[in-house]
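Engineer: One letter stands for each residue in the lines below.
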Amino acid sequence: MQVLFERSGGFAGIPLTLTIDFANLSPDEATQLNRLIEQADFFNLPATTPSAAKPDRFQYRVTIEGGDRPHTVSVGETAAPDTLKPLLNWLVESARKQK
Amino acid sequence: MLHQRLQEWIHPQKQIQRRCICCILPPQMLDNLIQYGDEKNREWALTTLRISERFRGKRRAVGNVSFAISPGQKRRTIYDAKTSTSLPGVLVRGEGDPPSADQAVNEAYDGAGATYDLFRDVYERNSVDDRGLRLDATVHYGLRYENAFWDGNQMIYGDGDGQLFNRFTLAIDVIAHELAHGVNQHEADLDYQNEPGALNESFADVFGTLVKQRSLNQTVDQADWLIGVGILTSRVQGQALRSLKAPGTAYDDRILGKDPQPSHYANRYQGTSDDGGVHINSGIANHAFYLAAMAIGGYAWEKAGRIWYFALRDILRSKSTFQDAANATILIAEQLYGSHSDEQKAVRSAWQQVGVI
Chain A
1 MQVLFERSGG FAGIPLTLTI DFANLSPDEA TQLNRLIEQA DFFNLPATTP
51 SAAKPDRFQY RVTIEGGDRP HTVSVGETAA PDTLKPLLNW LVESARKQK
Chain B
1 MLHQRLQEWI HPQKQIQRRC ICCILPPQML DNLIQYGDEK NREWALTTLR
51 ISERFRGKRR AVGNVSFAIS PGQKRRTIYD AKTSTSLPGV LVRGEGDPPS
101 ADQAVNEAYD GAGATYDLFR DVYERNSVDD RGLRLDATVH YGLRYENAFW
151 DGNQMIYGDG DGQLFNRFTL AIDVIAHELA HGVNQHEADL DYQNEPGALN
201 ESFADVFGTL VKQRSLNQTV DQADWLIGVG ILTSRVQGQA LRSLKAPGTA
251 YDDRILGKDP QPSHYANRYQ GTSDDGGVHI NSGIANHAFY LAAMAIGGYA
301 WEKAGRIWYF ALRDILRSKS TFQDAANATI LIAEQLYGSH SDEQKAVRSA
351 WQQVGVI
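As you go down the protein sequences, you meet chains A and B in turn. Take 1 as the starting number for the first sequence in the working numbering and just add one per residue. Take 1 as the starting number for the second sequence in the working numbering and just add one per residue.
Just so you know, the hints here were simulated from the structure itself, not pulled from any lab data. Where hints are given, some of them may not hold.
Unchecked claim - Dumping the calculated BS3-like pairs for lysine-lysine here, alpha-carbon to alpha-carbon at most 25 Å:
(1) A:Lys-97 x B:Lys-345
(2) A:Lys-85 x A:Lys-99
(3) A:Lys-85 x A:Lys-97
(4) B:Lys-82 x A:Lys-85
(5) A:Lys-54 x B:Lys-82
(6) A:Lys-54 x B:Lys-319
(7) A:Lys-97 x B:Lys-82
(8) A:Lys-54 x A:Lys-85
(9) B:Lys-345 x B:Lys-245
(10) B:Lys-245 x A:Lys-99
(11) B:Lys-245 x B:Lys-258
As the list claims (entries may be wrong) - Chain A residues, not near chain B, derived (Cβ > 10 Å throughout):
(12) Ser-8
(13) Phe-22
(14) Asp-28
(15) Asn-34
(16) Glu-38
(17) Phe-43
(18) Asn-44
(19) Pro-55
(20) Pro-70
(21) Ser-74
(22) Pro-81
These figures come from a predicted structure and were not determined experimentally. We put the CB at the ideal spot given by N, CA and C, even for glycine.
Turn these sequences into a full structure, and let the hints steer you where they fit.
Structural biologist: Structure below.
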């Protein structure tokens, strides 16, 4: 299973991207990530959430594929549900570490 | 009263909206009540304003209108979120207070002041909303938050991740950029998506750089025309976040990638990221402003800035495109400086050079 992450927008407009393959994660990391995906109820989140775009805020796009069914969620920073935020934060931190 | 004439001529509806915000009392009367009325009058006038603001679907709250100081004065209030994301945070510096030991607080305070001054001294605008709005800013927002934004009511600044991004108050043009989003919200109210969004971003960069140039007393030849100098850390290969002079050249880094801004309409981004490339395609309109300002010469805020400001205030609307911005600025250049004037030729030529017309 793979997680594809992109954060775009923000003042700088510089995208932050990350691709995670579960095969390359430690068992602890895999457990942690699975828990965050579950907590977000990711596969039942709408693909897009209508919200007025806000100046200089971030845009997130998360795709999970290679499992039972692929799913992509695109959401603005202000419209992201609270249950999804821990997953987004985890992905941002992982993308930073990768840099 | 050029702008009034322009408004009546081009947008009779906007004229009505601007002059009669509640359609019961003329706004001047409400202003007078707020300024000179007794407490009851003021409260009533503010409630009326609040209702009409809600009706117009603009400012979500007028809750930050202060009763203590009359409009027409600079009123800055800086808060500290202490790395939380709850707003506004703890009050750390009000108008007239001595400098703080925290540089981010002072940068937010001084930057808001310089922005207020440009709009008041040069364009005769009374703060972000032209009604004396208090300028609120929150620093140290979020943990390693590598961003700054205007949330519809106030400015918000993150500290950066420390690895690639420094704190966002470091650059005065970033601060002015955020306040210019506020000005746009109260005027053209350009959508934050696709071409109107790229225009919205470009106006924010234009006024951002004008505040910086004015604070340094630079002519068009002396200015660096860069946005966000100092925001990228020394680990990054790059001098700034954007360049109006040469879009696409601000940074080229192993980790961050290359500045993606085009300077010509033919090379515009047409994908969906970044709200339809608002921080990417702004390069096209940014470069048009640069070219116009260079051709006109002198201090950019005096003529080119005035033309752009009047276009934002009096002509452009939420769905306006690059083409509309070109037409609006050419028209205003004619109104201000005459048909076939050097200024008008400079503006037309600028938009032609970036492929918009």
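Engineer: A cut-off of 10 Å on Cβ-Cβ distance, and Pro-55 (chain A) was said to be off the interface with chain B. Does that hold?
Structural biologist: violated (4 Å)
Engineer: Is the nearest Cβ of chain B still more than 10 Å from the Cβ of Pro-81 (chain A)?
Structural biologist: holds (15 Å)
Engineer: Given the hinted pair Lys-82 (chain B) and Lys-85 (chain A), is their Cα-Cα distance within 25 Å?
Structural biologist: holds (20 Å)
Engineer: Is Phe-43 (chain A) truly not at the interface, in the sense that its beta carbon sits beyond 10 Å from all beta carbons of chain B?
Structural biologist: The claim holds: Phe-43 (chain A) sits with its nearest Cβ about 22 Å from chain B, beyond 10 Å.
Engineer: Does Ser-8 (chain A) really sit off the interface, with its C-beta more than 10 Å from all C-beta atoms of chain B?
Structural biologist: violated (4 Å)
Engineer: Would you say Pro-70 (chain A) is clear of chain B, with no C-beta pair closer than or equal to 10 Å?
Structural biologist: holds (18 Å)
Engineer: Are the Cα atoms of Lys-245 (chain B) and Lys-99 (chain A) separated by 25 Å or less?
Structural biologist: violated (29 Å)
Engineer: Given the proposed pairing of Lys-54 (chain A) with Lys-85 (chain A), does the C-alpha separation stay at or below 25 Å?
Structural biologist: holds (18 Å)
Engineer: Given the proposed pairing of Lys-54 (chain A) with Lys-82 (chain B), does the C-alpha separation stay at or below 25 Å?
Structural biologist: holds (23 Å)
Engineer: Would the non-interface assignment of Asp-28 (chain A) survive a Cβ cutoff of 10 Å against chain B?
Structural biologist: With a cut-off of 10 Å, Asp-28 (chain A) remains clear of chain B, as the shortest Cβ separation is near 22 Å.
Engineer: Examine each Cβ of chain B, and state whether all of them lie more than 10 Å from the Cβ of Asn-34 (chain A).
Structural biologist: The assertion about Asn-34 (chain A) holds, with a minimum of 24 Å to chain B.
Engineer: Are all C-beta atoms of chain B more than 10 Å from that of Phe-22 (chain A)?
Structural biologist: Consistent with the label, Phe-22 (chain A) stays out of reach of chain B, its closest Cβ about 24 Å off (over 10 Å).
The structure does not agree with the numbered hints 1, 10, 12, 19, 21 stated previously, though it agrees with the rest.
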